[in-house]
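Asks: Turn these sequences into a full structure, and let the hints steer you where they fit.
These protein sequence lines are chains A and B, in that order.
For the first sequence, numbering that gives the first Met the number 0 gives the first residue as 0, with consecutive numbering after it.
For the second sequence, numbering that gives the first Met the number 0 gives the first residue as 0, with consecutive numbering after it.
To be clear, the hints were calculated from the coordinates, so they are not data collected in a lab.
A portion of the hints provided could be inaccurate.
Unchecked claim - Straight-line alpha carbon distances no greater than 25 Å define the calculated SDA-like cross-link-like pairs of lysine to any residue that follow:
id, chain 1, residue 1, chain 2, residue 2
1, B, Lys164, A, Pro127
2, A, Lys297, B, Ala230
3, B, Lys178, A, Glu234
4, B, Lys89, A, Arg356
5, B, Lys270, B, Ile292
6, B, Lys42, A, Asp223
7, B, Lys273, A, Ser418
8, A, Lys272, B, Pro138
9, A, Lys325, B, Asp293
10, B, Lys276, A, Pro138
11, B, Lys276, A, Lys78
12, B, Lys178, A, Lys314
13, A, Lys401, B, Pro134
14, A, Lys75, B, Ser34
15, B, Lys276, A, Lys401
16, A, Lys252, A, Pro374
17, B, Lys42, A, Ile54
18, B, Lys281, A, Lys401
19, A, Lys297, B, Lys113
20, B, Lys276, A, Asn205
21, A, Lys314, B, Asn168
22, A, Lys71, A, Glu234
23, B, Lys281, B, Ala242
24, B, Lys276, A, Val222
25, B, Lys178, A, Lys252
26, B, Lys270, A, Leu337
27, A, Lys401, B, Thr105
28, B, Lys283, A, Gly201
29, B, Lys113, A, Ile54
30, B, Lys290, B, Ala230
31, A, Lys78, B, Pro138
32, A, Lys297, B, Tyr85
33, A, Lys321, B, Pro267
34, A, Lys297, B, Glu271
35, B, Lys198, A, Val220
36, B, Lys270, A, Glu333
37, A, Lys272, B, Lys198
38, B, Lys179, A, Gln47
39, A, Lys322, B, Glu271
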Amino acid sequence: MTKHHPTSEWIALVAVLLVVGGCGQSEQVVFRLNMREVVSNQIEPQYQQQIVNVIEAMFGTPDGPSVMPEMKLDIKHLKFAAGPVWDDQAGRRHGLYRKHCAHCHGINGDGRGPTALFLDPYPRDYRPAVFKFKSTYNPARPTTNDLHRTLMNGVPGTAMPSFALLPPAEVAALVEYVKYLSMRGQMETALIGYVFDELGEGDDGNLIPLDPVNDSEQRNVIVDELLGDIVTGWEEAPEQVIHPDPDAIPVDKSSAQWAASVDKGRTLFYGTKANCVKCHGPTGLGDGQQDDYNIWNKAVMTFEEATDSLPNQIKTTRASMKKMDKEQTVATKEDLVLLHRSLTDHREVLEELLPPRNAIPRNLRQGMFRGGRRPLDIYRKVYTGIAGTPMPGGGPVTPGAKGTLSDEEIWQLVDYVRSLPFEPASQPTRLRINYDVLN
Amino acid sequence: MIKQSKTCGLWLVPCVVWLASGCGERGYLGPVANSHTAIEIRKALDTFSGSAGEGATAGVASSGTGWGTLRGRFTFDAAPPTMAPYDVTKDLATCTLDGKPPLQQTLLVDSATKGIKNIVVFVRNAPRVHESAGPSKEPIIFDQKECVFVTHVLPLTVGQSLQLKNSDNVGHNTNIRGKKNTFNQTIPAGASVPFTPQKEEALPAPMNCSIHPWMSAYMLPRENGYYAVTAEDGTFEIPHLPAGEDLEIQVWHERGTGPGGGVVLSTPEAKEYKWSKKGRFKVKLEPDKTKEIDLNVPETAFRS
Numbered sequence: 000m001t002k003h004h005p006t007s008e009w010i011a012l013v014a015v016l017l018v019v020g021g022c023g024q025s026e027q028v029v030f031r032l033n034m035r036e037v038v039s040n041q042i043e044p045q046y047q048q049q050i051v052n053v054i055e056a057m058f059g060t061p062d063g064p065s066v067m068p069e070m071k072l073d074i075k076h077l078k079f080a081a082g083p084v085w086d087d088q089a090g091r092r093h094g095l096y097r098k099h100c101a102h103c104h105g106i107n108g109d110g111r112g113p114t115a116l117f118l119d120p121y122p123r124d125y126r127p128a129v130f131k132f133k134s135t136y137n138p139a140r141p142t143t144n145d146l147h148r149t150l151m152n153g154v155p156g157t158a159m160p161s162f163a164l165l166p167p168a169e170v171a172a173l174v175e176y177v178k179y180l181s182m183r184g185q186m187e188t189a190l191i192g193y194v195f196d197e198l199g200e201g202d203d204g205n206l207i208p209l210d211p212v213n214d215s216e217q218r219n220v221i222v223d224e225l226l227g228d229i230v231t232g233w234e235e236a237p238e239q240v241i242h243p244d245p246d247a248i249p250v251d252k253s254s255a256q257w258a259a260s261v262d263k264g265r266t267l268f269y270g271t272k273a274n275c276v277k278c279h280g281p282t283g284l285g286d287g288q289q290d291d292y293n294i295w296n297k298a299v300m301t302f303e304e305a306t307d308s309l310p311n312q313i314k315t316t317r318a319s320m321k322k323m324d325k326e327q328t329v330a331t332k333e334d335l336v337l338l339h340r341s342l343t344d345h346r347e348v349l350e351e352l353l354p355p356r357n358a359i360p361r362n363l364r365q366g367m368f369r370g371g372r373r374p375l376d377i378y379r380k381v382y383t384g385i386a387g388t389p390m391p392g393g394g395p396v397t398p399g400a401k402g403t404l405s406d407e408e409i410w411q412l413v414d415y416v417r418s419l420p421f422e423p424a425s426q427p428t429r430l431r432i433n434y435d436v437l438n
Numbered sequence: 000m001i002k003q004s005k006t007c008g009l010w011l012v013p014c015v016v017w018l019a020s021g022c023g024e025r026g027y028l029g030p031v032a033n034s035h036t037a038i039e040i041r042k043a044l045d046t047f048s049g050s051a052g053e054g055a056t057a058g059v060a061s062s063g064t065g066w067g068t069l070r071g072r073f074t075f076d077a078a079p080p081t082m083a084p085y086d087v088t089k090d091l092a093t094c095t096l097d098g099k100p101p102l103q104q105t106l107l108v109d110s111a112t113k114g115i116k117n118i119v120v121f122v123r124n125a126p127r128v129h130e131s132a133g134p135s136k137e138p139i140i141f142d143q144k145e146c147v148f149v150t151h152v153l154p155l156t157v158g159q160s161l162q163l164k165n166s167d168n169v170g171h172n173t174n175i176r177g178k179k180n181t182f183n184q185t186i187p188a189g190a191s192v193p194f195t196p197q198k199e200e201a202l203p204a205p206m207n208c209s210i211h212p213w214m215s216a217y218m219l220p221r222e223n224g225y226y227a228v229t230a231e232d233g234t235f236e237i238p239h240l241p242a243g244e245d246l247e248i249q250v251w252h253e254r255g256t257g258p259g260g261g262v263v264l265s266t267p268e269a270k271e272y273k274w275s276k277k278g279r280f281k282v283k284l285e286p287d288k289t290k291e292i293d294l295n296v297p298e299t300a301f302r303s
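Replies: Spelled out as structure tokens, the structure:
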């Protein structure tokens, strides 16, 4: 029989191989460690494994999320949002995050879903828990309402759509899941930091393991200190909301008052007190300083620089061996092995990261504001800047601190910014630019 | 027969190619959790119900008495590098001197003494703190002139107030990107803005100006004053350190090749101090005595 059909045998073999090899289709969906942090801190493989174990113990898996009471997250919401997409008998949809979010924001919430590379701006990486569009002071976490508003309104001018048509329970579940992924990402970074700062080689030369099962002090640190700090940040967000001084809120302005306010706002915009012109450009087109990065791209940028510097470091280290004695040569050879390994690790991780892009200041003449176009939204942007980006604030940096601009001045800037889309860019008589401050 | 085996060979080609290509190769994604171990850990964490206070004072037990001084010097074991000018792209009138941009400060080596400037040396663990090294309340003026931060590396204590000053006739903003302290506020021409770091950082936090992104400096808030920055001749001194204790000292430079900028040394002198790959070394001081360390740093300890 075999003699007659040798070709079909091969077909069968290839078919079997294809099924067994299975190109990712049967691959389980798993959370992945923040390898940029891991490689930058030269975290040993043993520790990497211990860290992912602890994280899974605390947060569960993409299909089976779990929480600790300390996190104050609603597990019902999370279970509704997590896992693969399916409909239950009542027709209720499950796996909402994977249906609506994961293709851009990724399973880990790292902003590196399959479509991320093709989007500008890149999708948000939730893991540092820094969000741009929020009502709170710059260093503070967003409130639940802030995240909810972003989901309802989308982010104008970006690929982020509005999810206002989803049932309210689904939106609430997704908001909770974003908080969950964010806390998870923070915990990952916190654990990497803890392992780097406090663990490592013991006096006997062996690595002190990350082992909360047998080490009660580590349990204490993980739950009370690391997780405690993270949760406190989220819990305090509502106290960190910026409320404008009610007396300074401009209401019922006559057109003359409005024009006067816009005029003052314009002077501030071009002046050396508010400095808006430096980045948003002399015509507000966003064509001023464009060389800086936001924190997400800066982190990749720094990692890329470190990667690029390694070959030269290997070269100089090798050259330095010429004038060394035997003992030193042996030690340096070990260093070289580590350097080569580090270079391989860096390159492999870099391959997974999105190429860094500059932070481009907003074009204020389009009348499109990513954080919302209500006067209050723009007020808060001028007041506290935009977290994670080069955009500084003009108001106090934390409650009670001293700001650069008064509330009145911030509202004047808001008025001017809101008038910009209607002000012809080619009307030089209306622009009183102080050219001395512009190069 | 020959014909048949040829056919077989042809089938083999796509199969091997496909196997070798491995489904769209990706970089290393890191390890995956072991579910059994995770369940064990979860049990342990759940039985731990935030026992208040326990372990709060955990740290290094104090054993010695008296105080000693650590003094040292870092010298560069190669020809001093020349610094390139900053890439000044804005406000040329203010940010350049006679049309010349200022030089970078990424690795400053004194040509006379070969001393390395701006290396930060600080104690990671202090079981006892001398009264003179306690948290300082004295405000610090942190000035910027000609679009350069006048102080390049600034250690200070948590709660110590900084006056971020702008001596230029153009606006600046100081963007501090620490792991625990962040700040970003506009500073009008000729004015100053206060900032008080509230938390300790394990390594210096980078700061820059977003309007003039080439402006770069570092700030290190610590719980106590056991820190020093090397002077132009590469020397530093930390007085009133607890004697008789195992002290772990972190050495940092913005170009350090260790993680986060640790200065990693594997020279014979460094080995005496158990210098680690994180740029830390160990030392024990004697009361009322000064320990001197003199370190020759090879150029390979700095990133190019």
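Asks: Please go over all the hints and tell whether each is borne out by the structure.
Replies: Going down the list of hints, with the structure as the test:
1. B:Lys164 x A:Pro127: The hint is violated at about 30 Å.
2. A:Lys297 x B:Ala230: The hint is violated at about 30 Å.
3. B:Lys178 x A:Glu234: holds, 19 Å
4. B:Lys89 x A:Arg356: holds, 20 Å
5. B:Lys270 x B:Ile292: holds, 12 Å
6. B:Lys42 x A:Asp223: OK: Lys42 of chain B and Asp223 of chain A at ~16 Å, within 25 Å.
7. B:Lys273 x A:Ser418: Outside the cut-off at roughly 64 Å; violated.
8. A:Lys272 x B:Pro138: holds, 23 Å
9. A:Lys325 x B:Asp293: holds, 23 Å
10. B:Lys276 x A:Pro138: violated, 32 Å
11. B:Lys276 x A:Lys78: violated, 43 Å
12. B:Lys178 x A:Lys314: violated, 32 Å
13. A:Lys401 x B:Pro134: holds, 23 Å
14. A:Lys75 x B:Ser34: Holds, at about 22 Å.
15. B:Lys276 x A:Lys401: violated, 42 Å
16. A:Lys252 x A:Pro374: holds, 14 Å
17. B:Lys42 x A:Ile54: The hint holds at about 13 Å.
18. B:Lys281 x A:Lys401: With a Cα-Cα distance of about 42 Å, the restraint between Lys281 of chain B and Lys401 of chain A is violated, given a limit of 25 Å.
19. A:Lys297 x B:Lys113: Violated, because 33 Å separates the two Cα atoms, which is more than 25 Å.
20. B:Lys276 x A:Asn205: holds, 14 Å
21. A:Lys314 x B:Asn168: violated, 45 Å
22. A:Lys71 x A:Glu234: The hint holds at about 9 Å.
23. B:Lys281 x B:Ala242: With Cα atoms ~13 Å apart, Lys281 of chain B and Ala242 of chain B stay inside 25 Å; holds.
24. B:Lys276 x A:Val222: violated, 28 Å
25. B:Lys178 x A:Lys252: violated, 44 Å
26. B:Lys270 x A:Leu337: The hint holds at about 18 Å.
27. A:Lys401 x B:Thr105: violated, 32 Å
28. B:Lys283 x A:Gly201: holds, 17 Å
29. B:Lys113 x A:Ile54: Between Lys113 of chain B and Ile54 of chain A the Cα gap is close to 47 Å, so the pair fails against 25 Å, i.e. violated.
30. B:Lys290 x B:Ala230: The given pair, whose Cα atoms are some 18 Å apart, holds under the 25 Å limit.
31. A:Lys78 x B:Pro138: Not satisfied, since the Cα-Cα distance of roughly 51 Å exceeds 25 Å.
32. A:Lys297 x B:Tyr85: holds, 19 Å
33. A:Lys321 x B:Pro267: holds, 16 Å
34. A:Lys297 x B:Glu271: violated, 37 Å
35. B:Lys198 x A:Val220: holds, 17 Å
36. B:Lys270 x A:Glu333: holds, 15 Å
37. A:Lys272 x B:Lys198: violated, 29 Å
38. B:Lys179 x A:Gln47: holds, 23 Å
39. A:Lys322 x B:Glu271: holds, 21 Å
Violated hints for the displayed structure, listed by number in ascending order: 1, 2, 7, 10, 11, 12, 15, 18, 19, 21, 24, 25, 27, 29, 31, 34, 37.
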